[in-house]
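Protein chains: 2
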Amino acid sequence: MMKMNNIIEAIMGSDNFIITSHYSPDGDNLGSSIGLYYALKKLNKNVFFVLDDVLPINLKFLYEDIKVYKSEEVKVKDYNLISLDCGDKDRLCCSEYLKENYKMLINIDHHKSNDNYGDLNYVDPTASSTCEIIYDLLMRIDNKIIDKKIGNCLYTGLITDTGNFMYSNTNPSSFIMASNLLKLDIDKQGIIKNIYQNNPLNYVKILGDALNTLEVINGKIATIDLTYEMFKKNNISFNNVDGVVNYARDIQGIEVGILFKQKDLNVVKVSFRSKSYVDVNKIAQKFGGGGHMMASGCTIEDSLENVKKAIIKEVLNYI
Amino acid sequence: MMKMNNIIEAIMGSDNFIITSHYSPDGDNLGSSIGLYYALKKLNKNVFFVLDDVLPINLKFLYEDIKVYKSEEVKVKDYNLISLDCGDKDRLCCSEYLKENYKMLINIDHHKSNDNYGDLNYVDPTASSTCEIIYDLLMRIDNKIIDKKIGNCLYTGLITDTGNFMYSNTNPSSFIMASNLLKLDIDKQGIIKNIYQNNPLNYVKILGDALNTLEVINGKIATIDLTYEMFKKNNISFNNVDGVVNYARDIQGIEVGILFKQKDLNVVKVSFRSKSYVDVNKIAQKFGGGGHMMASGCTIEDSLENVKKAIIKEVLNYI
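Each protein sequence line maps, in turn, to chains A and B. Be aware that the first sequence starts at 3, since it is given in the numbering used here, and climbs by one per residue. Be aware that the second sequence starts at 3, since it is given in the numbering used here, and climbs by one per residue.
Extracted from the complex, chain A is given alone in its bound form (with noise of 0.2 Å):
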């Protein structure tokens, strides 16, 4: 509660804002980042939201409004710099003066890694997503100011950061935002056409490639693989395929579900998802990667066959 009101006060006392936040934008980052960034400008502060990074297209609902500055277009004296959804100070977007020059660092976040590297910190892993926490920070500011346009931003967050409430990181509270959301009338529809109705055509063709290699080994395992060729037929990028390793998990009696990812002829990135009691984490660090209990990786230099050999092998001793 303590650190909250500082960092209200903080806000208050001050008119000039740069927020920046992580590279690899997603829903949270740009929903809590643009979200605040409005009700900022409701408040007549002097606010920019600095991101030096390709920002996504699904996302284009969310950013089409407004400026997203680049670091050198910035011309701001006596800034705070607030960042948002970001555990570690190096991984924040914007150059390395703004980064150093500021008045203040406001460190708002909801990654238990964060190592409270601000000036003035919150930090509340158990926060569904960042967007939850600016929903309570705006609403203790003033509960009139999120309106349709700020709801819009904050409900994308929490979802992609929730999985629209399918993840065990959904609070009641999470639940209550988004009531109050609805209420504002914001886009949801909208939102989840962007969002979840919006595969690249691609993705779907890989899909199906890559759907044509299940197996199923023991009845408690599912791989699937996705070889070099499939990325070079079907013109995708490596790193827009990693959902596809849920199909494999998500088959009636799967326990383990593993994907193989074949990056070079040479090399195999292996994802790892369990669905009740195998603990990924610690089949994937044995191989050098590591993870969560229930969703881990790792990366192999060997060809497909020899990779899937050994991990399969591995996989057996924990079913």
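No wet-lab data here; the hints were simulated from the structure. There's no promise every hint is true.
Remember, identical chains collapse to one label, so a pair may be satisfied in a single copy or spanning two.
Unchecked claim - Below, simulated DSS-like cross-link-like pairs (lysine-lysine); rule was C-alpha separation at most 27 Å, straight line:
no., residue 1, residue 2
1, K271, K69
2, K44, K185
3, K47, K79
4, K235, K222
5, K146, K47
6, K62, K146
7, K222, K62
8, K207, K265
9, K151, K43
For chain A, the structure is supplied; the task is to place chain B on it using the hints.
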């Protein structure tokens, strides 16, 4: 308001109840029926849940601890029949005898088409689900009566009927209900596992085959085929694959997704989904089918090739 009070009085003033619902049980009718069953037990009522149909295996967690009666097994006189989530008395999944020899028929539903066939009726087409109506009903009877077990039932129907809060029937009150149930420590993650991470293996296999037929016409229409051979090869029922049409709609830039399901060599069921502006109900009606503006279907007796040609020609008029 009035009507619900009448129903509460009728329930509190009687002792014997039979709860029943529609054929082809789903999350909302089982969830509301079994949730209400547990609550009436707590109120020391004599209550039977009757359903003369096969129960879906993925919802076993709802019914595994109770006896679901067949009509002929129930011997009770002077019963009130409570019909849940059923728009049409003919679709009630119990014997003609039970349908006619009640003291009072209480009809609780959220289907617009419900013709108020009960002696007492509570039909609210704006409610997300029958589970949400039962939630309100129970909260008015006693705001402490809903426990974890009842909460699991009601949450199941809430999410199956709202597509896990994705559909536009999700109301602010639906999120409040979700928040309150989560506070009761319901097994949200277990429910999600049972419903969304529990695909039949053959479904995932036929999905792979289907996606390999994906075609895009004019940048706005995407089609997927499920051929007679695929159904035979994958040994899966024709009725379990309707979700495949969403993969066609949910592509960037696509307005209409179409699934062609070859029921027999010369019978094709066509499913349409639109994203924003095309009224696919009109299109389906031209071929003797129907549905809603954004989801419709029709069945045509002809070869797959001819059906595809005719349908695509028609859909192009709407793009």
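### Numbered hints the structure breaks, given as an ascending list
The structure conflicts with hint 1 only, although it agrees with all the remaining ones.
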